[in-house]
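Sequences are here, hints too, so could you generate the full structure?
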Amino acid sequence: MKARVLVTLKSAVLDPQGKAIEGALRSLGVPGISSVRQGKVFDVEFDGSDPAKAEATLKDACEKLLANTVIETYRIEFVG
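Just so we're aligned, residue 299 is where the sequence shown starts under our numbering, counting upward by one.
FYI, nobody ran anything at the bench for these hints, they're computed from the structure. One or more hints might be untrue.
[Stated by the list, open to error] Here are the simulated DSS-like pairs of lysine-lysine, each with C-alpha atoms no more than 30 Å apart in a straight line:
#1 K362 / K317
#2 K300 / K362
#3 K308 / K338
#4 K338 / K317
#5 K351 / K308
#6 K308 / K357
#7 K357 / K300
#8 K338 / K357
#9 K362 / K338
#10 K338 / K300
#11 K308 / K362
#12 K351 / K338
Just so it is clear, the structure is predicted and the values come from calculations on it, not from any experiment.
Here it is as structure tokens:
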């Protein structure tokens, strides 16, 4: 079983890396970019096949390590 965890800054938190990427894209002439927010992606593989157990394990991992829940949010998606 595979899962993807997407971690992003909360909307109220300033994102200097996103702003830098946005500026770089504009200076490279990439059209149509109005805003960029940067984040992290974790691809995780599980031995078992119980999605409820896997989700509980990932939530625990996010709360303890993968996300700083004071300034970041996370979303868990099961893939393939």
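Quick rundown of the hints versus the structure:
no.	hint	in the structure
1	K362 / K317	28 Å, holds
2	K300 / K362	20 Å, holds
3	K308 / K338	13 Å, holds
4	K338 / K317	16 Å, holds
5	K351 / K308	26 Å, holds
6	K308 / K357	17 Å, holds
7	K357 / K300	14 Å, holds
8	K338 / K357	15 Å, holds
9	K362 / K338	16 Å, holds
10	K338 / K300	17 Å, holds
11	K308 / K362	17 Å, holds
12	K351 / K338	23 Å, holds
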